[in-house]
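S.K.: Each chain, written out:
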Amino acid sequence: MILEEGQVLFREGAPSEKLYVIRDGELQGTNSRNSVVNTYGPGVLIGELSLLKKEPCTETVTATEDSELIEITPDNLDETLEQEPAWFKSIITFLTGRLQIAGDNKRKSDKIKALPSLLYILDSLSARNKTNTESYISLSEVMDGVENLFNLSRDNIKDLLKILEDLEILKVQSPQIQVKNANVVHLLYESIRYRARNRKMPPQILSMTEQMVLNAVIKTVQQSKEPLKNGTFTVSTESLLKVGKRAMFGATLTTRTMLPLLERKLLNASTDIVNTSALPEITEIPSFFGDFDTILDLMELNRIYPLLDKKLV
Amino acid sequence: MNMGKQTSRQQLIPPTHQSVKAGFVVYSPGSEYRSIVILEEGELVAREVTPPHSVVFTMRPGDLVGVAALLEREPFKYELSASKDSKITLVTEECMESELKRLPLWLLALIRSLSAKTHQLKRAAVETRVQNTLKSLAEYLSHKPKDTEFNLAELIREFSFLTKISTAIVQEDLKSLLRRHLIKLSQKNGRIFCKIVDPELLHIFTDYLRAQESDTGYTPYKLSIVQKKILVFLSANEAIEPKTGPEWISFIHEKFSDADVSQWINLLKMEWFIKADQNNPDCDNFTVNKAKVYYFLKALRYETNIRGVL
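Residue numbers (our numbering), protein chains in the order written: chain A, 172 to 484; chain B, 40 to 349.
Next up, chain A with everything else stripped away, as it sits in the complex (with noise of 0.2 Å):
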């Protein structure tokens, strides 16, 4: 097959069965999804895995001088297949399914390795921008970000930020993305880098009573009408042990249950502890106090964290 200067093979997405051995020339490959152009020669081999398993073109291939091509079709592969051992076409087989499952992992392991980047563009960049925890930012400014950081193609990124849409971290309102809450993308991006280099669970990642014990704060907080004092609240432990008997499905509040977020400091003690070997009773604290954001900021993490490795994979 002669294929003149200029001429297209096939387009990106058109359906094709056929597989083409470049003989002479040279042709060149382009995607939508990228920048980068491929240049085949001589040798090279376009479209095993349209003949192999009937998949669109990658790409539009495009000859750049004039080029001699041998063609392939399903029926040669047939007819050759037929002449070989049966053993032969299990081996096409093997290696075929392989090629697609090393592809499928390939794009997969680039959304999950750049997920960090676009959280780092996009703490830094709704840090600057930001108005109480909400902040609207550019969405050509975190494209462009992400792209030079770690190279990922445009596509890739729109997929990683529907993903975090769907987790209600943030709204892609082109021209621009609002963050719901800055801090929250602050905590994750630290956390997920904490995972990475300590390989261990992150500290701002909470067990289920601590979640417990902090969303029984939170409801007594905003039943109570007491109005904050510079975003800190205080809970009397009565009113606490009240919510806490219907919010924390039967577990019991205790000094006990309490101890690692008042080590912490996310709540704190209206008495002081000093012998955490023989705490007292609950109901010989009077109440507890705390900063009502960073408790509400580290709940929505603890929401969003579990949930973002289901989503990537």
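No lab work stands behind these hints, which were simulated from the structure alone. Treat the hints loosely; a few may be bogus.
[To be verified] Derived list of chain A stretches under chain B, where covered just means 3 residues or more per stretch with a C-beta under 8 Å from a C-beta of chain B:
#, stretch
1, 270-280
2, 290-301
3, 319-330
4, 364-372
5, 393-404
[What the hints assert, rightly or not] Pairs of lysine-lysine residues, derived as DSS-like cross-links and limited to a Cα-Cα distance of at most 30 Å, are as follows:
#, chain 1, residue 1, chain 2, residue 2
6, B, K156, A, K189
7, B, K126, A, K260
8, B, K183, A, K279
9, A, K282, B, K161
10, A, K277, A, K436
11, A, K260, B, K60
12, B, K161, A, K277
13, A, K279, B, K156
14, A, K277, B, K203
15, A, K260, B, K156
16, B, K329, A, K351
17, B, K308, A, K329
18, B, K183, A, K329
19, B, K116, A, K279
20, B, K203, A, K482
21, B, K123, A, K260
22, A, K279, B, K161
23, B, K331, A, K329
24, A, K436, B, K156
25, A, K301, A, K225
26, B, K156, B, K140
27, A, K277, B, K156
28, A, K351, A, K482
29, A, K301, B, K183
30, B, K337, B, K261
31, B, K183, B, K60
32, B, K140, A, K284
33, A, K224, B, K161
A virtual CB, placed ideally from N, CA and C, is assigned to each residue, including glycine.
Since the structure of chain A is provided, determine the placement of chain B on it from the hints.
M.R.: Chain B in isolation, oriented as in the chain A frame:
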């Protein structure tokens, strides 16, 4: 390159068929012999060679292993044994070689291509995606605040976590930024600290590198003399009232006789002017986009730093 079918087909060395009892070790990683194992009947299990010898996968009839080991010399690290009485086919190296010699060249090339592309994808999955590491580093640092001293080792660690770029390459790129005076390094108590001179300059540098990659040239360095004069004029005059397009054209033409309508279009393309009311699509008035004007000015002022010709 002859891609056609060979006429004289050579003798095929047949594969070996074996019946094995449960417990029989079909392959162990220490073995010198490589072969593809195809399970015809029964069941095989692949186990870790180290305690607790966990089962990694189970093979059912029709499954095969050892293709990568035979064709690509990739090590097969598990012990393969029969968990039930089984019938297997072993395609040895000699058998595969004789088969490959019989194949038409295009099919041989297809097998090699499938193998090479898989290998390439697997390797790419663990390597960095970044091609221009200097641009990536400049982008990363452009998000750090100015005049803060960062522990250099920490910065490198975070950047490598984000991009998977090796420390050796990062160090080379840091030298390149240092040479351009885009960062400053200092030493205290045996630790090296890094200070960002101006994050916007790093941002300008990434734009410059991006433009170089696309062969379009970096717009601030393609300005004509009159455009440079207009730029300086716009930056020096803080309080010019918003005007309509035609008003701006005559205003600019009055100051710079070389500037005409086409120049106005160029200035709009460079975003030196924006709609006075961004939220009103019917707004006719344009105002000077100070941020863009200052960006161009800074790029020109630090041209030698950006180009690295200090």
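S.K.: If a hint holds in the structure, say so; if it doesn't, say that too.
M.R.: Cross-check of the supplied hints:
1. 270-280: holds (count 6)
2. 290-301: With 4 residues closer than 8 Å to chain B, the stretch 290-301 of chain A meets the three-residue bar; holds.
3. 319-330: It holds: at least three residues are needed, and the stretch 319-330 of chain A offers 5 whose Cβ sits within less than 8 Å of chain B.
4. 364-372: holds (count 3)
5. 393-404: violated (count 0)
6. B/K156 to A/K189: holds, 18 Å
7. B/K126 to A/K260: Roughly 19 Å between the alpha carbons, so the hint for B/K126 and A/K260 holds.
8. B/K183 to A/K279: Answer holds: B/K183 to A/K279 is near 29 Å, not above 30 Å.
9. A/K282 to B/K161: The hint holds at about 15 Å.
10. A/K277 to A/K436: violated, 42 Å
11. A/K260 to B/K60: Holds, because 27 Å separates the two Cα atoms, which is no more than 30 Å.
12. B/K161 to A/K277: Cα-Cα ~7 Å, so holds.
13. A/K279 to B/K156: holds, 17 Å
14. A/K277 to B/K203: holds, 15 Å
15. A/K260 to B/K156: The hint holds at about 19 Å.
16. B/K329 to A/K351: holds, 29 Å
17. B/K308 to A/K329: Holds, at roughly 26 Å.
18. B/K183 to A/K329: holds, 24 Å
19. B/K116 to A/K279: It holds: about 25 Å lies between the C-alpha atoms, which stays within 30 Å.
20. B/K203 to A/K482: The given pair, whose Cα atoms are some 22 Å apart, holds under the 30 Å limit.
21. B/K123 to A/K260: holds, 26 Å
22. A/K279 to B/K161: Judged against 30 Å, a Cα distance of about 12 Å means the pair holds.
23. B/K331 to A/K329: holds, 26 Å
24. A/K436 to B/K156: Distance ~53 Å between A/K436 and B/K156 Cα, so the pair is violated.
25. A/K301 to A/K225: Judged against 30 Å, a Cα distance of about 50 Å means the pair is violated.
26. B/K156 to B/K140: Within the cut-off at roughly 22 Å; holds.
27. A/K277 to B/K156: Answer holds: A/K277 to B/K156 is near 12 Å, not above 30 Å.
28. A/K351 to A/K482: holds, 19 Å
29. A/K301 to B/K183: holds, 16 Å
30. B/K337 to B/K261: holds, 14 Å
31. B/K183 to B/K60: violated, 65 Å
32. B/K140 to A/K284: violated, 42 Å
33. A/K224 to B/K161: Roughly 20 Å between the alpha carbons, so the hint for A/K224 and B/K161 holds.
Violated hints, in rising order: 5, 10, 24, 25, 31, 32; the structure is consistent with all others.
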